[in-house]
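Starting from the structure of chain A, add chains B and C where the hints point.
Chains as they are written, first to last, in this note's numbering: chain A, 10 to 284; chain B, 4 to 282; chain C, 28 to 335.
Be a bit skeptical, because a hint or two may be false.
To be verified - Derived lysine to aspartate or glutamate pairs resembling DMTMM-like cross-links, with alpha carbons at most 20 Å apart: (1) B:190 x C:162; (2) C:138 x C:181; (3) A:47 x C:162; (4) A:116 x C:162; (5) A:47 x A:120; (6) C:252 x C:281; (7) C:141 x A:40; (8) C:98 x A:20; (9) A:196 x B:109; (10) C:138 x C:149; (11) C:210 x C:59; (12) A:116 x B:109; (13) A:276 x C:281; (14) B:70 x A:80; (15) C:238 x C:49; (16) C:312 x C:274; (17) C:41 x C:237; (18) B:115 x C:97; (19) C:98 x A:28; (20) C:160 x A:40; (21) C:160 x A:120; (22) B:190 x A:120; (23) B:70 x A:74; (24) B:40 x A:202; (25) A:116 x A:202; (26) C:138 x A:40; (27) C:238 x C:43; (28) B:115 x A:120; (29) A:116 x A:40; (30) C:210 x C:227; (31) A:116 x C:114.
What the hints assert, rightly or not - Simulated DEER-style distance windows between Cβ atoms: (32) C:163 x A:46: 16 to 22 Å; (33) C:44 x A:46: 43 to 49 Å; (34) C:163 x B:50: 44 to 50 Å; (35) B:113 x C:196: 28 to 34 Å; (36) B:200 x A:175: 27 to 33 Å; (37) B:249 x A:82: 42 to 48 Å; (38) A:199 x B:249: 40 to 46 Å; (39) A:199 x C:240: 36 to 42 Å.
It is worth saying that the hints were derived from the structure and are not from the lab. By construction, the Cβ of each residue, glycine as well, lies at the ideal position given by its N, Cα and C atoms.
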Amino acid sequence: MIISAAVAIAEARRGRLGERVYSGRSRAIFERGYIAFKSSTWMVILSGFVEPVLYLFAFGYGLGELIGNIESNGLSIPYAAYIAPALLATSAMNGAIYDSTMNIFFKLNHDRIYHGMLATSLGPLDVALGEIGLALLRGFLYGVGFMAVVAPLGLIPSLWGILAIPAAVLIAFGFAAVGMALTTYMKSFQQLEIINIFLLPMFLFSGSFYPLSVFPEWLQFIIKALPLSQAIHLVRGLTLGQINIGLLGHISYFIVMIVVGLFFTTKRLNALFMK
Amino acid sequence: MSTSNIRQGSLEIVDQEKIISRGSLYVAQARLAAMMKWVWMILAIAVANPVLYLLSIGVGVGAFIDKSAGPAGIDGVKYLTFLAPALLATAAIQGAIDESVFPTLEGFNGWKNFFGMNATPISGNQIATGVFLASFVRVVGTVIIYWFVMLAFGALESSKAWLAIPTAVMAGVAFGSITQAIAGLLKDENMFFVIFNRFILMPLFLFSGTFYPLSSMPSYLQWIGWISPLWHSTELGRYLTYGHALTQTMAITHMVFLLTLLVLGIFFSRRIFTQRLAK
Amino acid sequence: MSSPLITARGLTKKFDEFVAVDEIDFDVARGESFGLLGPNGAGKSTTMRIIGATSQRTSGDLTILGMDPEKFGPQIRAHLGVVPQQDNLDMQLSVSENLYIYGRYFGLSRKFLKTKIEELLEFAQLEEKRNAKVESLSGGMKRRLTIARGLVSEPEILMLDEPTTGLDPQARHILWDRLFRLKEQGVTLVITTHFMDEAEQLCDRLVVMDKGKIMAEGSPAQLIKDYSTKEVLEIRFGSERNSAMAEQLRGMCDRIEELPDRILLYSEDGEALLEKIYSAGMHPKTSLVRRSSLEDVFLRLTGRTLVD
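If we strip away everything but chain A, and leave its shape as in the complex, we get (with noise of 0.2 Å):
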C-alpha cells in the first residue's frame, strides 16, 4: 500500500509522550506567524519599540532634571538609568500580552483559524507554543533594539546586562502563557478589556519610576507578588549589575508562569476544539 507522506510522519511519532496534544511541529505555527508578518503587523512590532524610547526621553531626561539622581540599594543613579530597565521589562510584558490577547482573541472566536489547524494532525500544545513562540520573537527583539538605543546613551552601566535581553524573553514567555490561558476563557472584547485595567495599575505602581520603599510596607509586599514588579527587578538587577540570588527567585516566577500558563492553554484548546 502506498501511504501518504503526512501519514507518514503522523505515524513516526506514534506511541511517544503527550502524541495526542502535541506533534513536535510547533514551527509550522511559527512559520505562519512570520509570513503574516511580513505582510502586515511590521509596523505594530515596530511602534511597540518606539513606546518605551519615547518613555525613557520624556521621563528619564524631562523628568530626570527635575528629580535628578535616584537611590538603588545604596547607589546614586541618574534617573534614566534607574526607569530603562523597567520601561524594557514593560516593553517585554506589552508586546507579549497584545501578541498573545488580541491576536489570538481574533484567531480564536472570528477567524476560526484554529479550527483549520486542529483539523490537521497538529495538537493543541503545537498551536500554543507556536503562537507563544511568535511572543518570544518580539520580546528579543524589543530587547535588542532597546539596548542598541540605551547602552549607548551609557544607561547600562554593568557588563552583566547583556543578560537583559535573554532576561526580556524570558519575561514575554511567561506572560504571553499567562495572556493566551486567560484569553481562551475571554468570551468578549469588554472581557479582554479586563486584562487592560489590571495592567495599568502594574504599570503605574510596580517600581517603574520610583524605589517601592515609598509606599507602607504592607503596599510593598503586594506590588512584589506582581509578575511586572518581578520583571522590573529582575532587568533592572542586571543592567545595574546588582547580582544577588534574589534574580534566582524572580526566574523561577517566570518558570512557573510559563508552566501554568502553557497548561492552562492547551488544556483550553482540547475544551474547545476536540470536544
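Leaving out everything else, chains B and C in the frame of chain A:
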C-alpha cells in the same frame, strides 16, 4: 373571496419633516444606548484612571520632584497640582477618541451599520453629527468625574477652577472630531489603533508639557506642544486651576486653536461620512 | 473486497442532555462516495467532527482505517482532508500561502509542497489568483480553495460538510465537477448535505438522518424506489383551498402529502393521474409532473421537508 386575514396594520400619523430633521439625535441616541451596555466599565475607568495616575505620578513621582525642587515648587505649586490639569485634558481626549474612532470603524468596516442607517431617511451628515454628539456626552461625563477626583486630591486652588471643565472638554471634542474624520477614511482597521496610539497619541501625551513645562524641553521639540490640543487646553487649565501665568493674547490663542480644530473636525467628518456612504 | 475504511456502531454524542447523534451504525467502503443527508440540526456536522477526530464520542464504537480516533487522533487526521461547513481559510495569507502553510501543519517538506501547490492551484482553477488575498475571492473560489487545502496532504478520505451551501448554481456545478474528478482518482468522499440534488449527483450511497438518528440507508436510486413512487404530481389550488381539495383527492393515488403551498400526489404515472383529476371536475391553478427525488423520500420518512 374574503380578505379578512389580510392585516390592515395601524397607520401611524407621523411628521416626516420632523423625523428627518432629528436624524442626528437618533444616531446619538443609538450610540449612547450602545455605551450604556458597558456603562459600569466606562464609569470604573473614568474614576480609576485619575485616581491611579494622580497617585502614581502626581503623589509618587511628585514626592521626589517636590523634594528636589524645594519650596519654590514646579510653576509655583506642588507637582500634583501642576500635573493634574494636563491629565484632565488627556482623559477628555482619550474618552473622545474611544467614542469617535471605534464606532466609526465599526460603522464603515466592521458591522457596517452606518450603511444600514443611511438606508433610512438619516443622512451621512447626521450620522457624523450623531456620533460626535454621543462622544461629547461621554467626554463631559469623564471630565466632570475627573474634576471631582482632582478636588479630592486638593489639586484645585483657584476659585475659577470649575472653568477647567469646559476647557478640558474642548480639548477632547476638538481632538475627537479630527480623529473621527480620519477614521472615516480608513478601509483597514487592523493596525490603525496601535500605530495611531503609539506614533501620534503617545508622543503628544508625553511631549505636550504634560509632565514638565514645555519651556524646559529643548526648543526644537517645543513645536509638538503648539500643534497639540493637549498643550493648549492644559495651559488654560493650569491658569484656571491654580493661576499659572498666562497673558490674555495667549489665552485667546489657545481658545481659537481649539475651536478651529473642532470646527474643521466636524466639517470634515460630515463631508467624509457623506462621501463614503454615497460611494 | 477490502474491509471498510470507516465503521461506526452505536455511535452516540451528547452535549449535556441534548443527544446530537443517537446510536447510529454505518460503514464507508474504500473509494465510495458516502453521503449524510438531512436537514439542519440532524447531527450531520457532529458526526463529521467525530470522524474527523476533533470531537469525542460519548459512546459507541468507531474505527477509521482500523484505528480508534480517541487514541490515534493525529494519525487519523493525517489521513483525512477536512472541508468544514464554514470556510476557515487564513485571511492574513494569500491563496498559495494558505496551501503552503496548511501542508506545513502536516509536516510536509517545502520541496514536496512546491509542486503540490501548483497541482492544487490548477485543480481549483485558482492559478491566476495565487497571490491574491483570500478576502478578495468569491464564495465559490474560497470553497474550491478550502477543498484544495484539504487535499494538500493527499488524504485517502475527503470530508466535505455542506460543500455547496451558499453558492450560486454555476459555482455549484464547477465544484461538483471537481469532486467527480476526485472520485475518479479513487478518493473516498464523505459528504453531508441538505440538498437532495447534491446527494443524488455525488453520492453512491447515503444515509438519511433526522434528529440524530439514521432513518434509511441505500443508494439514491434504491432509496427512491423503496420509499417513493416513480413520479410525483404537484398541484396547487391556492393556499385557502388546498386542504379542502386534498380531502377529495385522497384515494385517487398511492399517497398524498399536503404542504402549506401545494399538494403532492404520488403515482407511477403522473400524467394519467392529472387527467383523472381534470375529468373529476377539479381544476388546479398549476400542475407539474416530475420524477420522485430524495426530497420525497425524506418527506415520507419524517413527514417534513429537507429545506424549510
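Structure-based check of all given hints:
Between residue 190 of chain B and residue 162 of chain C, the direct Cα distance comes to roughly 13 Å. Compliance with the 20 Å bound is thereby established for this hinted pair. Taking the CA atoms of residue 138 of chain C and residue 181 of chain C, the gap is about 15 Å. The hint holds against a cut of 20 Å. Proximity of residue 47 of chain A to residue 162 of chain C is assessed by CA-CA distance (about 17 Å); at most 20 Å being required, the pair is judged to hold. A hinted pair counts as satisfied when its Cα atoms are at most 20 Å apart, and residue 116 of chain A with residue 162 of chain C qualifies at roughly 15 Å.
Taking the CA atoms of residue 47 of chain A and residue 120 of chain A, the gap is about 19 Å. The hint holds against a cut of 20 Å. Distance check on the hinted pair: residue 252 of chain C and residue 281 of chain C sit about 14 Å apart at the alpha-carbon level, within 20 Å; holds. Between residue 141 of chain C and residue 40 of chain A the alpha-carbon distance is near 16 Å, which keeps this suggested pair within the 20 Å criterion. In summary, the hint linking residue 98 of chain C to residue 20 of chain A is supported, as the alpha carbons are separated by about 13 Å, within the 20 Å threshold.
The hinted pair formed by residue 196 of chain A and residue 109 of chain B meets the criterion: a straight-line CA distance of about 19 Å does not exceed 20 Å. At most 20 Å may separate the alpha-carbon atoms for a hinted pair to count; residue 138 of chain C and residue 149 of chain C meet this at roughly 18 Å. The hinted pair formed by residue 210 of chain C and residue 59 of chain C meets the criterion: a straight-line CA distance of about 8 Å does not exceed 20 Å. Between residue 116 of chain A and residue 109 of chain B the alpha-carbon distance is near 18 Å, which keeps this suggested pair within the 20 Å criterion.
Straight-line distance between C-alpha atoms of residue 276 of chain A and residue 281 of chain C comes to about 57 Å, which puts the hinted pair past the 20 Å bound. For the given pair, residue 70 of chain B sits about 14 Å from residue 80 of chain A by alpha-carbon distance, which is consistent with the 20 Å threshold. Our distance criterion of 20 Å between C-alpha atoms is met by residue 238 of chain C and residue 49 of chain C, whose separation comes to about 8 Å. In summary, the hint linking residue 312 of chain C to residue 274 of chain C is supported, as the alpha carbons are separated by about 17 Å, within the 20 Å threshold.
With a C-alpha separation of about 15 Å, the suggested pairing of residue 41 of chain C with residue 237 of chain C holds against the 20 Å cut-off. Distance restraint check for residue 115 of chain B and residue 97 of chain C: the Cα-Cα separation of roughly 43 Å exceeds the 20 Å cut-off, and the hinted pair is therefore not satisfied. Between residue 98 of chain C and residue 28 of chain A, the direct Cα distance comes to roughly 9 Å. Compliance with the 20 Å bound is thereby established for this hinted pair. Our distance criterion of 20 Å between C-alpha atoms is met by residue 160 of chain C and residue 40 of chain A, whose separation comes to about 18 Å.
For the hint linking residue 160 of chain C to residue 120 of chain A, the alpha-carbon distance of about 14 Å falls within 20 Å, and the restraint holds. Straight-line distance between C-alpha atoms of residue 190 of chain B and residue 120 of chain A comes to about 19 Å, which keeps the hinted pair within the 20 Å bound. The hinted pair formed by residue 70 of chain B and residue 74 of chain A meets the criterion: a straight-line CA distance of about 13 Å does not exceed 20 Å. About 14 Å separates the Cα atoms of residue 40 of chain B and residue 202 of chain A, which keeps this hinted pair within 20 Å; it holds.
Restraint check for residue 116 of chain A and residue 202 of chain A: the C-alpha separation of about 17 Å stays at or below 20 Å, so the hint holds. Proximity of residue 138 of chain C to residue 40 of chain A is assessed by CA-CA distance (about 16 Å); at most 20 Å being required, the pair is judged to hold. For the hint linking residue 238 of chain C to residue 43 of chain C, the alpha-carbon distance of about 16 Å falls within 20 Å, and the restraint holds. Taken as a hint, the residue 115 of chain B and residue 120 of chain A pair is honoured in the structure, with Cα atoms around 18 Å apart against an allowance of 20 Å.
Of the pairs offered as hints, the one joining residue 116 of chain A and residue 40 of chain A holds, with about 16 Å between alpha carbons and a cut-off of 20 Å not exceeded. Taking the CA atoms of residue 210 of chain C and residue 227 of chain C, the gap is near 15 Å; set against the 20 Å cutoff, the hint holds. A threshold of 20 Å between alpha carbons decides the hint, and for residue 116 of chain A with residue 114 of chain C the separation of about 14 Å falls inside it, so the pair holds. A hinted range of 16 to 22 Å holds for the C-beta pair residue 163 of chain C and residue 46 of chain A, which are about 20 Å apart.
With their beta carbons about 45 Å apart, residue 44 of chain C and residue 46 of chain A fall inside the hinted range of 43 to 49 Å. At roughly 46 Å, the beta carbons of residue 163 of chain C and residue 50 of chain B sit within the given window of 44 to 50 Å. Between residue 113 of chain B and residue 196 of chain C, the C-beta spacing of about 31 Å keeps the proposed range 28 to 34 Å intact. Against the hinted window of 27 to 33 Å, the Cβ-Cβ separation of residue 200 of chain B and residue 175 of chain A comes to about 28 Å, which satisfies the hint.
Hint check: residue 249 of chain B to residue 82 of chain A, Cβ distance near 44 Å, so the stated range 42 to 48 Å holds. With their beta carbons about 41 Å apart, residue 199 of chain A and residue 249 of chain B fall inside the hinted range of 40 to 46 Å. Distance hint check: the CB atoms of residue 199 of chain A and residue 240 of chain C are about 41 Å apart, consistent with the given range 36 to 42 Å.
Taken one by one, the earlier hints fail for this structure at numbers 13, 18, listed in ascending order.
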